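Peer 1: Same order as they appear, the protein sequences are chains A and B.
Okay, so the first sequence: first residue is 1 according to the numbering used here, each after it adds one.
Okay, so the second sequence: first residue is 368 according to the numbering used here, each after it adds one.
In case anyone wonders, no lab produced these hints; they're calculated from the structure.
Note that the structure is a prediction, hence the values are computed from the model and not measured.
Don't take every hint at face value.
Said to hold, decoys possible - Below, a list of computed lysine to any residue pairs in the SDA-like style, where the Cα atoms sit at most 20 angstroms apart:
no., chain 1, residue 1, chain 2, residue 2
1, A, K79, A, R107
2, A, K338, A, R107
3, A, K226, A, R36
4, A, K338, B, L392
5, B, K725, A, L293
6, B, K666, A, E301
7, A, K299, A, G346
8, A, K299, B, K666
9, A, K45, B, K698
10, B, K593, B, E569
11, A, K311, B, L392
12, B, K666, A, P298
13, A, K299, B, H716
14, A, K148, A, N73
15, A, K218, A, N347
16, B, K451, B, K559
Protein chains: 2
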Amino acid sequence: MSFKRIGVIGSGQLGRMLALAGTPLDVEFVFYDEARVSPSCNLGKCIFPSEQGSFEQFADSVDVITYESENTNLELVRKLNQIKPVYPGEASLSKSQHRLTEKNTFRDLGLNTANFLRVASKEDLLDAAKQLGLPIVLKTTTMGYDGKGQAVVKTEDDINGAWELLGAHELIAESFVNFSRELSVIAVRDIKGNTKVYPISENDHEAGILRISRVPAKALSPEKQKQAQDYITTMLNHLEHVGVLTLELFDCDNGLVVNEMAPRVHNSGHWSMEGSHCGQFENHVRAISGMPLGDTSPKQESAAMINIIGKTGDRDSVLSTPNAHLHLYGKEERLNRKLGHINLLGNSHAEVELAIKKLGAFIKECG
Amino acid sequence: MSFKRIGVIGSGQLGRMLALAGTPLDVEFVFYDEARVSPSCNLGKCIFPSEQGSFEQFADSVDVITYESENTNLELVRKLNQIKPVYPGEASLSKSQHRLTEKNTFRDLGLNTANFLRVASKEDLLDAAKQLGLPIVLKTTTMGYDGKGQAVVKTEDDINGAWELLGAHELIAESFVNFSRELSVIAVRDIKGNTKVYPISENDHEAGILRISRVPAKALSPEKQKQAQDYITTMLNHLEHVGVLTLELFDCDNGLVVNEMAPRVHNSGHWSMEGSHCGQFENHVRAISGMPLGDTSPKQESAAMINIIGKTGDRDSVLSTPNAHLHLYGKEERLNRKLGHINLLGNSHAEVELAIKKLGAFIKECG
């Protein structure tokens, strides 16, 4: 007896963790993805898009549909939404897919962003370099993630190289933001419009890939906390978003600057699985299924999430670490691949920092 | 890439919760059970014993095997164990299956039990009534659970009725234990012989079915706590048990008395899923897979588990209760059926008691 059946477009680790969180609420999962072996494939029925009749089969077999990625095909979502509700809705997905539309939306709603310009030609790029002032960051408007599809133009000498690399795509040029750290704020909105916000996370990247998130972000002023909460609540309501939404932020001297949004559960929110009373995966399931939202407040003073990348490392040492929770995704080891993460809880930042240091040695990528 | 594949004989809620706890450790699950629809059926491959070749298919497709119930067919376990290790082993299973063997084992190891006698005839029963003194509890030696297969003989007038009810089976007569409450102690032992013990739980039954477990058992003397820990450690080592083991205990004026054991994760240990750093399901998976054991200590001062029986009740009110974690088993509503449970955490017994009272109203069986 399932209460709801959720269809997930995709079958990666986000689908896996949605299913693990939703199953205890009597929700069943159906995954719509071409992969025969995947992180989600043991946790529900899999429907393969290439097979005849699969679209109808998928839509018919579920009550509500969600997706794992902001790169999900928008046309597919539109067609599915004519049969079953898809959450987050079209506005959230389409605006997340296009950096220019996204940035315009931020600006229109009064959220601080980097200065930016559309770049459709090399002339535009030369123009942007002048108007915004170097350095600038050049990004494809679509399909970028984990630092892919980006180039930094530091001096005029970099312009040709950046254009050769990315010029085949529609681009956005952004002025360089002088920030001290990257933060993210994650929140959830239900079908009735209720919202709940998770504590703000501080994110360490390396080579464009998230390595560690720490919660709550240390020494963040009440003004900036309020700014982050206001920003995400503004976005949730503007988009009439249903489900979890993430805003990536730069922490600057004179306030926060929004970098981008993701209409989904987010790597920087994985700490919440054990770290908050109701984790982001359970809250996403609750929101899109019409259940009441759960408590987003943290269980302990301090939490952290360490990504396991490339190599699984010394599993037994991780399992022997008190207060560490291991989450593997069932994926083969491969350079730069996210294979899992470790959640850490502690009664102080210092306690968690010590554990991060120790665990870092066990899982360091050897690839 | 699965680290281990665990075969589970059975596909009920215990299998479901093992799979939910084991999947993040890259363990995959295969269920060996006749049910086509079951609490576990979405969380792994299902093999149906009635189908030809299923025995070999099951044994071949897993690395290690466990079971959900002490009523698992012993011959099946013996045959499987010739191909793949089955944990807990034969000693644990066979002794749990037979109340007389079980009680003799307790007595031989110096654990306090009720006085008992084997009853194979009506004459034995009359004899037992005299030797043990009325009242006595008459139980079938095998297949009893949740109060089934039992009769209380209070006066000589009850003897005929009890014999008519149960006389077709091999029986054990036990003297009545004068206890103030029922407790349980749960522990886990790994393949190398390391052990960890969970805090002792106080269990409220109604009509023979567990309704509420509270952890830690209130005002339990250090002597009795030590007694419980010693008893379960003695049993774990005597049986060379691998996995989780449960001892049900009576709390009496002059010490604890062992009632019975279960060679498995136990309903009275469900609180540990959120209530301890490593819950009983994860620790069972770790133990039988050769991983290091996790920390069994509690996360907060007080925890409780409320069984949802017969009717699911007002799900949204449960989900709206702070600190309450809902675990449903995907089963249809039916009188006296265990459909799920709610785990509660709090910083004091009083806080948890208040939540129990409130939640009790939401889920009270209406059947």
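Peer 1: Decide, hint by hint, whether the structure agrees.
Peer 2: Going through the hints against the structure:
no.: 1; hint: K79(A) with R107(A); verdict: violated, 30 angstroms
no.: 2; hint: K338(A) with R107(A); verdict: violated, 33 angstroms
no.: 3; hint: K226(A) with R36(A); verdict: violated, 44 angstroms
no.: 4; hint: K338(A) with L392(B); verdict: holds, 15 angstroms
no.: 5; hint: K725(B) with L293(A); verdict: holds, 19 angstroms
no.: 6; hint: K666(B) with E301(A); verdict: holds, 13 angstroms
no.: 7; hint: K299(A) with G346(A); verdict: holds, 9 angstroms
no.: 8; hint: K299(A) with K666(B); verdict: holds, 10 angstroms
no.: 9; hint: K45(A) with K698(B); verdict: holds, 18 angstroms
no.: 10; hint: K593(B) with E569(B); verdict: holds, 16 angstroms
no.: 11; hint: K311(A) with L392(B); verdict: holds, 15 angstroms
no.: 12; hint: K666(B) with P298(A); verdict: holds, 13 angstroms
no.: 13; hint: K299(A) with H716(B); verdict: holds, 18 angstroms
no.: 14; hint: K148(A) with N73(A); verdict: holds, 19 angstroms
no.: 15; hint: K218(A) with N347(A); verdict: holds, 14 angstroms
no.: 16; hint: K451(B) with K559(B); verdict: holds, 18 angstroms
Consistency note: the structure conflicts with the earlier hints numbered 1, 2 and 3.
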